[in-house]
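**Q** Could you slot chain B onto chain A? The hints should help.
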Amino acid sequence: MNRSTILAAAAAAVFHTALVFSLYLLFAGHNQPGGGFAGGLVAAAALVIRYVDGGAEAVRALVPLAPMSLLGAGLVLANLTGVAAWLAGGAFLESATWSWDLPVLGTVKTSSALAFDTGVYLVVVALVLMVLRTLGEEEPA
Amino acid sequence: MNATAAIAAFFLTAPLVTWTAARRGPRAAFALAALPMLLTVAWATAALPTILDGDAQRQGWSWLDALGLRVDLALDGFSALFVLLVAGVGALICLYAAWYFDADEPVGRLAGLLVAFAGAMVGLVLADNLFVLYLFWELTSITSYLLIGTKDRQAAARDAALQALLVTGAGGLAMLGGFVILAQQAGTASLSALLAAPPSGTAVEVALALVLAGALAKSAQVPLHFWLPGAMAAPTPISAYLHSATMVKAGIYLIARLSGPFAEQVGWWRPVLVGIGLATMVLGGWRALRQHDAKLLLAFGTVNQLGLLVALFGAGVPELTFAGVAVLLAHALYKAALFMVVGVIDHQTHTRDLRVLGSVSARWPALTAVAVIGSLSMAGIVPLFGFVAKEAAFEALLHGGLGAATVVAAVGGSVLSVAFAARLVWGLFGRLEPVDAPSEFGAGPTPADGHAPGATPVPFLAPAALLVGVSVLLGLWPGLIVPFVERSAQSIDPEATGGLYLWHGFTGALLLSAVAIVGGAVLVGSRQGVARLQATLSVLPSAESAYRSTVRWLLLIAGRVTAVAQSGSLPAYLTVILATAVVVPGSALLAGRAWPQDAVVVESPLQAVVVAVTGCIALGVIAARRRFAAIVSLGGVGFSVALLFVLHGAPDLALTQLLIETLTLIVFVLVLRRLPDRFTTTRWKAARASRLLLAGGVGVFVTLFALTAAAQRSAPPASDGQVARAVPEAGGRNIVNVILVDFRGFDTLGEITVLATAAVGIAGLVRTGRRTPAREGERP
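Protein chains in written order, with our numbering: chain A, 67 to 207; chain B, 12 to 791.
For reference, chain A alone in the conformation it holds in the complex (with noise of 0.2 Å):
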């Protein structure tokens, strides 16, 4: 396969902002538009990015994780969030919220929803790279 340098120059600039941007929605999504699956999608985008520019190859060297573990891990964090809900006398996945005086960032909320949006974010990402292995594998005789 020919690579287009332009391509390549174009996915290695995009893709780890992307990826901050990813991360950046993930954050913000209680409060401005996102959430998880949102960040979770332009996550799947940057490395759909370098799946166009260096095939499954690149995908899988970026990810060394097996996507089945991912998307396992995912599901396990949403819904240990459920439980630890339950466990502190909540109802299940009732979410909570703490307040943290950080040095340099001032006050810092954070919601037990941001680990239930984590999860969500790494089924949306796993799945992504389930279908980049399974279908984009290798080139069809």
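Honestly, the hints are just simulated from the structure, not real lab data.
Every residue, glycine too, gets a C-beta built ideally from N, C-alpha and C.
Some hints here could point you the wrong way.
[As the list claims (entries may be wrong)] Listed next, with one range per pair, are the computed distances between beta-carbon atoms:
{"hint": "1", "chain 1": "A", "residue 1": "G156", "chain 2": "B", "residue 2": "V713", "range": "39 to 45 Å"}
{"hint": "2", "chain 1": "B", "residue 1": "L49", "chain 2": "A", "residue 2": "L131", "range": "41 to 47 Å"}
{"hint": "3", "chain 1": "A", "residue 1": "L153", "chain 2": "B", "residue 2": "R34", "range": "29 to 35 Å"}
[Claimed, not checked] Derived coverage of chain B by chain A (criterion: at least 3 residues anywhere in the stretch with Cβ under 8 Å from a Cβ of chain A; other residues may be distant):
{"hint": "4", "segment": "659-668"}
{"hint": "5", "segment": "671-681"}
{"hint": "6", "segment": "745-757"}
{"hint": "7", "segment": "765-776"}
**A** Chain B only, in chain A's frame:
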């Protein structure tokens, strides 16, 4: 220690046992497996004094309040009998299994499942709530299925396991239906409350019939008896435990409990159960007589005794119930021991075939002694507990007022059990004549050539010897166990009472015992004639062949239905789905005549422009001749819709739509690499016209439906309150996200589960498609 802790101990130990087996080998694993069993025995024994006084230990906690489900556990006399049998015999089985399996055998799954099974069984007999009982009931079915299929590389073992699961599982489903009706009618799911104030009526009788179907299937009663001999495909420790002493008694347990009030109240209860039980007893004994695999002989012997137990408990007569408890105890003691002995012989000589074993057994005097004493107890011969129990049963039948026919049938069944016990001893001591009748369950085991049997380790034989020793002890001094048997029986029927005697004079029962022994001796003496009769009768249709043809027909019909309903043609599926969508809600729309009154079609000129552009791109999709062009145009439609969302002030939705469209496009392109470049168009004009009609219909319907639905609001929007609650309750200002992760978090959890399932499914499908040609050698 209490009931909950006892059950939990089993289920917590089970994974540890599996873990230990992989690292430390079978001995360590079974030593650990014995731990919860011994703990439970200690707990139940400690509770015995209070139970003998007539007090039950009760414990309960709320499980699912919304469904009114409570976990209620009760340890009364009858439960204690079962708990002690399950855990006590289980502990001995663990000791036995530690020597049965070689040090390098992978027993992790088996040992863990054995413990889980024991836990389910303990839970079943402790449960005082119908649905908790059902839960444990099904757990025993499933663990038993997995245990029978331990040798999962053998087709016969898998078949036998599936057969057991189908029969007991189908029975279990019927039982669940029965439980639901019973709980509805009684207004409570509590077993003790239900038995104390039994509901009545036709619905209750239907429910009881359903429950009985499950109990009879589990306890291998005619005509569902055939799964039990098949279950002998399991390793012998499993057979000895599940299919003699414990699981098959679950059905007996339930029948005994329900017979308390219902045998009197429901007209058909007594004749049906006594009839089925005695028929099973005779049939099981008769079939046992033709077996030459010692394990199968014992399995049919179990069917024989289970039949007697169903008849005794099902009658719901105080004396019979008392005798039933004694027979149940006697059977568990000798049957587990005999299975263990057969397992030892199998382990040492690699055969269980009674025709070739012969003098081999004479080399091990201790083993032979245990086998003979166990068989004598099975035959009901003095001075063993089997005799005492059988005497009690005959005595009760003579005075139970069930009629002479039941006495005759029970004696007939006992004649057969004497005969098959003699056959077993004969096979172990001497040598059965080689009969030409083929074994019913495959070729049967053959002895290994030139295998010199070694000495039997003492711990290997000790469990069987201990059980047989108890049979002797209780046979000589039956008074030791009378209070316990009486208390157990009284837990079911407060009037149940009776006595156990080694000698109670020249009574009718003694005469019947003598008849059974003499009859058995006559059958053994004329075994050639019996074998000929067996061969003649074997042409009759058996329940097992009925089962096999049922399963075959079921698979055939399922195959046909699937071929029609799931043709595999995507256009056909789409046509069905879309046509249904247009016709069903579409006719409702037309019938309702609720036309949009003052629907807002366009809010701003910009929207109209975007919609017009979207329409043009959509037309491009239709006009496209190449798949790639169609996909790209479809993506364009998606992007314009995202623009529409922006105009409506929904940035979250627009962002998601944009990202989804992008990724969908990429996935489509990946799929396109496997598809032809251009669409294949049908030349058949009618087909094209009908597709056009369908597509147009869907478009018109969706538009009308959206307009109508938007104008039909009758309740305030659900989102009103949520917007106000977002910050105080969930601490977030983005209402969309707050709804997703908090207010409707459970929905999201379900959605990502579906997403993950779909991902796994896609991966599986694509990989399967890829592997098929490789198997045929076309592509590596």
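**Q** Each hint: holds or not?
**A** Verification of the supplied hints:
1. A/G156 <-> B/V713: 39 to 45 Å: 41 Å, holds
2. B/L49 <-> A/L131: 41 to 47 Å: Holds, at about 44 Å.
3. A/L153 <-> B/R34: 29 to 35 Å: Taking Cβ atoms as reference, A/L153 and B/R34 lie about 31 Å apart, which means the hint holds.
4. 659-668: It holds: at least three residues are needed, and the segment 659-668 of chain B offers 4 whose Cβ sits within less than 8 Å of chain A.
5. 671-681: Held - the segment 671-681 of chain B has 6 residues with a Cβ nearer than 8 Å to chain A, which meets the minimum of three.
6. 745-757: holds (count 9)
7. 765-776: holds (count 7)
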